[in-house]
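We have chain A; now place chain B onto it with these hints.
Residue numbers (the working numbering), protein chains in the order written: chain A, 1 to 290; chain B, 291 to 844.
Simulated from the structure, these hints should not be mistaken for lab results. As the structure is a computational prediction, the values presented were derived from the model and not from experiment. Fair warning: there could be bad hints in the mix.
[Said to hold, decoys possible] Distance windows between CB atoms, simulated: (1) A:185 with B:352: 55 to 65 angstroms; (2) A:185 with B:370: 20 to 30 angstroms; (3) A:35 with B:641: 57 to 67 angstroms.
Note that CB positions come from ideal geometry on N, CA and C, so glycine has one too.
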Amino acid sequence: VTGFCRALTAALTLLLSISIQAGGFPFSLAAERAEFVVGQPIYLRIGSFNAPPPSLEEGILELSITAPDGSQSVYRPPLRLRRGPPNAGPEAEPDSTRSHVRFARLIASGDGLLFRAPGRYRLVLISPEKGGAAVSDTLGFRLKPPEADADRRAFAIITRNPGEYAMAVYLEGGDQLAQGMAIIRELAGFKSAYTRTAFFILSSNWAQDFTDYRGKGSRTLDLEKSLAMAQWDKGQGSYIPLRNAYRLVNGVQAASRRNPEAPVLREVRSRVEAFIAGLSAEESAWYRSF
Amino acid sequence: MIRYRALFAWMSLVPCLAGAFSYPALDTTSNWSIQDWGFTTGQGFYFQGTGKRVWNGPGQPETKTVFYNLAVVGTRLGGNSHPLQSQDFMGEMQGDGYLAKYGSFKVAPAVSLVVVVFFMDDGKFDVNAYFTGDGYASGQAWEVIFRVDYDLAGAGNNIAEFLWNAGSEGRSASPPQVPRLEALDGRLVYAPSTGIPSYWAASAHEITLEYPPLPREAGSGVENAGFARILNASNPQFGMVLWGDGATPLDATFKAYGSFDGNLDPKADVSTTLQMTGEAGSFPRYAYAGRDQVMLLKLRPPTAGVTYKFGGKLFQRGGSRPLAVSVHQHHPDGMGGFGFDPDKVIRYTQSGGRTFRNALAELTGPDDLALSRSGEGGVSYLPYDGYAQPGNAVTEAQLHNLMTSQRDYSARSLENVREWRLDLYLVNWRLQGEPDAWEAMFDYGGAGGNGIAREGAAIFWPSIGGDQDARVRRASLSALHTVGLALNMGRNGLGGIMSLADIDKNTVRFNTSSAPGAPFSEVDWYRTAPEAWVKPGRFGVGSIPGTMPNFVPR
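Bound conformation, chain A alone (with noise of 0.2 angstroms):
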């Protein structure tokens, strides 16, 4: 058995060789609060021991979605993948003990926001190689709509596109959804619900290169932008700031091999050695799942 039926192998038998969690479950669900405004993006935790959960882009998995009104539906990611087979090498030893995890980032599908209806949502992940069966324990959370004046300022800026909206915070950046990178702009112009997500955003943009949309021209990513955007306070949620943490990473990359000795490169590295130093073990693990 060779190639993709190895990948395939892997990734079916992934379900069976996951051990069984608290609950009885393999996977574990969890979010950062309890409660959202529409339009927030919600950084799903996905927990499993002893192998890395799938990713919900590999159609592996399927996250099932009750929607306030009773209603079922199968979230669709706007990205499908599918992954080779794992790399040669030296398998390693099952660890039962051992946790890992993965995120998935729900807000875009269709054309437009996830969860679009305030109200009370339950998430559980499904096996559609086992029937549909349950294989997670179920996430409650609640939608609230936007109720501060600078949140409803906030909402009818993302009402005006909430497509490309949904899908730059999605892809956390892209110059060519022009009107959905504007909005995040407008969105970081003043504090609301919605301004963190904006700055992480803008940030992670700046940490890549881009071709200006239909190839009119380019433009390299700008660490220095980039840092001053950045968010760092895990208080509100850990996702953002290791996330910010690992964009900004793959951009000193990027930019030293094009010029090793600019003085960026330095200060860049320095914040986000300090930030990572201050990790727990778990975010660790959960920053090097990225």
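Same frame as chain A, but now just chain B:
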């Protein structure tokens, strides 16, 4: 020997690149045929028996009717009807690739309506109208009324589908075939929105659709901002897409043929059920109604300029669903000399050498598959600058940027209503954060949000392991798999190419028999499932609540 194989492979690609041998096809070199045209006070400025030539095969031309009668029947201002009273002048002109008829007609004292109708050899038609005369003042809200009596391929038995979305009416997997509460007034207002996918649908009863100006590149409909699509019911491969422009709002009223009484302010009567085509059930679409109906178009004052416009384009598809796949890649110099070859044998099976081309040709038929690749036919190699260097990681955002920037959004591309298009990207990059990913596709969504939904997919060359031969075969199989994903096969558990991943065991065929537990095969899916679910592109598959309804393969 190698040289001859390369030459053979190149020669076999050329006809497909040109699409020259794909039949039936519109004759894009001859004029439209018009049996009669002119003006009468009863008919207005009319075109009778308008048609276009189609090649059914080499030396097998056939002229197919498009309009039994297309006419400007009158105008309205301030709630009053003003029929065309008399002609000021009429004339015709002919140029390279078109013929045109024009006329000026009195509609009120010192007010004339000038109409110019272009019929283009490529199948397009373009209707322009404007008001002149001392009695006309800009700012007057004149409306122009057209009667569109279509008769595609002489059938009389047509299917008329129009663009709508959830903003127009309640979202529905299968639009109403009987009057529903939402449509009791017989009028739906199309509400373009980037957050709401659009549908092609037909009504079983008379109905009026009100459309705002729709720029050609806007909208998430199958045919890019066309407001209606009319097909021959018995042979839905022949039909036309109708579109407005970015300045002219219009109302489209679909009425039973016999119930139009010449009123220049036609109203849809939802109690009048349109005739069924009698071809229901197994056809690859939603629509069943429309036989012997006529469309009245009311063009409202343009929001910019003074010219009232609408137009459209004919299509003649093949017996199957023509597919045009472009494979873009980085230059072979950075990829160990690998240049994608659609004729590379991925695996020898009992039925011979299996290739990217012959696998796809079994879906479409050999004459309805067009393949192109970087380095040929104007398809350039992919850039590194502005994204990532060879072998490095590319971010999802950068990949999305590349795909949308490579996509052809030109008018010519938008007006290609014949082929389903798909772009594959064989990139010399890994996916950042997913170094083991071999394939990725941006899925699901409309033009506003995703931009490249199910129209493009990437294969990550550095992530594909093995010696060069195995890598090339795996990349080719990955490319086939991504085509299947783009055709929405992935969610249907059909087996075959989509689920058997071992390159040494895969049949390299889309299956013709249903996989265990699946109600239809991959080939059935491609050929007969509703177009909205299969066609690559910005269409609202996933917005239909729940799982996809079943369908009966033809």
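So, going through the hints one by one against the coordinates:
1. The hint said 55 to 65 angstroms for the Cβ distance between residue 185 of chain A and residue 352 of chain B, and at roughly 56 angstroms that hint holds.
2. The hint said 20 to 30 angstroms for the Cβ distance between residue 185 of chain A and residue 370 of chain B, and at roughly 51 angstroms that hint is violated.
3. Distance hint check for residue 35 of chain A and residue 641 of chain B: the Cβ-Cβ separation is about 59 angstroms, which falls inside the suggested range of 57 to 67 angstroms.
Hint compliance for this structure: hint 2 is the single one not met.
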